[in-house]
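Please take these sequences and the hints and turn them into a complete structure.
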Amino acid sequence: MKTSKKVLSLLLIAAMLVSVLCMGVYAADAPVIAGGVHAQFGDPDKTPTVPESLMALEAASDSSETNPIYNAVYTGSDSALYYPDILSLCAYTSNNASDAVRLVSASNNIVFATYDANGEHTTSEITYATNQNLNEAGQLVSSSIYTVKLSGAGSVTVYNGNALAFTVRFETPKSNAVAGGTAPKFVNGYLPIGQYASGQAWGSIYSSLTNMAGNDANTDRTVTTDAPTKITSGYAAMGISLGSPGGYVQFEFDGNGIANDPYNKYGIDFVIYGNPFNGNPEAGSVKVSQDGTTWYELAGSRYYNSETKRNTTISYKMIPSSTYGTNKKADIYYAIGNVPTGTGTTGWTLYKSNVVWWPESAAEGYGRVSGVGETIDGTKTVSDVTYEQLSETANGYNCWLISYDDVTLVKDSDATDDYLFGYADVRNVGSNKDGTACNPYASVPTSGSNSVPGGDGFDISWAVDSYGNPHYLSTVKYVRVYTSAALSASNLNIMPTPGIFGETSTEVCGLFVANKADSNVGVTDAPVSISVGGGVLGNPTDIEGNVFIYDLGGLISDDAVVVTAGIDCNLFINDGRFVAAEDDTETFTGTYTVETDDQVIRVIVQTGDKAPYIAIIK
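For what it's worth, my numbering labels the leading residue of the sequence shown as 22, then goes sequentially.
It should be emphasised that the hints constitute simulated quantities derived from the structure, not laboratory data.
A hint or two may mislead.
FRET-style restraints, in silico, Cβ to Cβ [stated by the list, open to error]:
hint : residue 1 : residue 2 : range
1    : ALA174    : VAL473    : 37 to 45 Å
2    : GLU603    : ASP539    : 28 to 36 Å
3    : GLY574    : ALA436    : 19 to 27 Å
4    : THR396    : ASP275    : 14 to 22 Å
5    : MET259    : ASP64     : 15 to 23 Å
All values derive from a computational prediction rather than experimental measurement.
Quick reminder that beta carbons are idealized off the backbone N, C-alpha and C, glycines included.
Structure follows, in C-alpha cells:
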C-alpha cells in the first residue's frame, strides 16, 4: 500500500521467403484425402485457431486401403491433461458437390450440432446439404464445416454419397476445468515484506487477521488450517497485502484448474480483484502453471517495454537493528539481479531502516505459510523463492535473506493508465465481484465515460516462458500473484524509497474463474496488414493457440511497426493503445517505433466480445 491508499528490408524479404517455405507449420491443418473426400480440422478459409490448429488426422495402425481409419490426435504439449469436447471438422468432395458428403456417428458419445433458425440441435447423422448454419447476416447457409460434440470416445464414418470414404476415431474428452465463478481451493504460499508483514494485520492471509490461526500440522495444504484463508471462500474486502516487489500469494484450483476457454468473452479466463482507485495503481504481475513446477508469466501491457526487467531476481537482506530484541525492528536492504556475495551491506541498497517489516519465520508464522521448501504429493509447493537464515550475524542476531527469482519488474507509477492490461490491483472493482469479466482492451483503466470497472481480467493466452516466447496452455491449475511495480521512473535500476504510507504493495481481494459466455465468441480476425520497416509481413513462422509468431531474426531500433486494422477494432502495439480518428471510415493505423535492437513487439487486435488476435514479432 502506498500514498493515500494506499528489420531491415532484406531481413523482411528473407523472412517472407522462409514463411513460404515453412508451411509445414500448418501440418495439423493439412487435409487428408480418401474416397474422394477431403477432411481437416478448422475452416481452411480462415486463420487456424485452437483447438483445431492443434489437431491432426493420423493414420491408425489398423488402417487399410479399403478401410482407411484416422485417429483425431490432439498435439498440444498438455495432451496428458486435455482433449477437446467440441471441434470443427471440414469435409468436402473434390467437386464440392452439395449432397455428396455424409457423416454418421457410431455411438451416442458423438453428435453433430447445427445452428439454424430454431437454435442449436444435434443429430447422429448429417450431410453437407443439411448442415445449415446462420451466417453473420442471420441467413441460413450450407457449409462443409461440421460441429462435432464429444461426450466420450467414439468414431465417425464419412461417406461420399453411399460409398465409404474413411473413419475418424476420437478420444474421450478431458479437461476437468472448474466452472466460471469458482474461487481457488487452496493457498499454497504467502510471503510479503512490508508494513503488513507482522503476521497479525489487515493484509494477512487468514480471515482472523493472523498467520497463526489453528493448531493443525498442515498435512493437507500449506496455510490450510482450521481458520479460513481469504479468497478461497470468496471475495474479501480486507484483502491480502503482498508487500514489496516480489512478495506473493499462490493459489491452487481444483481439478485441472482454469480452462483457456474460447467461450470466454474477450478471451478473459479469470479475474483478480484488488482495492485500487484511480491515480493509485499498485501493479502486480501474474504467473501460472499446470503442474506447480514449470511457470509462465502472463505478459501484461508493459512486458515487452524496453524499461521492463524480465526474468530477473529481486532479493532482500534483513540486518537487525539495535532495538531488534524488543520491537523486532530491522534495516532492510535490496538488490536487483544477482544476489551479492560476501557479508555486510556490500552490493546492497538500503530499502527501509528501523522498521518492523520482516516476515518472521517462527513468531509470525511465515515458516509455515510461505510454502517455500514444502512439497505436496512430491511436488514443490512454491518454487523460485529462497527464504533462509544467513551464517553472518550483526549485533548478536542472525541476518536473513529472501530472494524472488524469475520475476518481472515494471515501472512504479501513479498513472493508472501506465498499466493498460495484464496487472492486478489496477482497474476499479465495480459492483460485480464474481468473475464477470469486462473488456480490458475496450477502455483504459481510469475513470470516465470510456472506462469499464470490473477488476483485472487475465487471458491464459498471454502466457510466455522465461525468454518471452508465447506458450499455449489449455488449462492452468496454479496462479501466483506478486508485486511487480518496482522500478523508479527516474532510475530504472533502483526502487523508490517507501514513503510515509509505506511500500507499493499489490492487494488481492478476490480471484474467480471467468463466467462463460452463452456461445463460442470466436477469435478476432487478423488486422488488415502489419509492416515492419516498410515491409509487409507474410505468413507467421509459428502459431501458439491464437498467438501468431513472426521471427524476423531481430528488429532494428527506430524501425516503424505499422498496423492497419478495421475501424471497430481495439488495437495495441506493446504498451501503446491506438484508437481511430473521427475522420477514419473503414480502417485506421497505429504506428510504434522500435526502441532497441532485438526488442520484441506484440500486436493485439480485438473486436466486440471476441478473443484477441495476438501477433509476436521478434
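- Message: Quick check: does the Cβ-Cβ distance between MET259 and ASP64 fall within 15 to 23 Å?
- Response: violated, 49 Å
- Between ALA174 and VAL473, is the Cβ distance one that fits in 37 to 45 Å? Roughly 43 Å apart at Cβ, these two residues keep to the hinted range, so it holds.
- Query: Does the Cβ distance between GLY574 and ALA436 fall inside 19 to 27 Å?
  - Reply: violated, 35 Å
- Check the following: the C-beta atoms of GLU603 and ASP539 are separated by a distance inside 28 to 36 Å. For GLU603 and ASP539 the Cβ distance comes to about 34 Å; the hint holds.
- Message: Please check whether THR396 and ASP275 have a Cβ separation lying inside 14 to 22 Å.
- Response: holds, 19 Å
The earlier numbered hints that this structure contradicts are 3 and 5.
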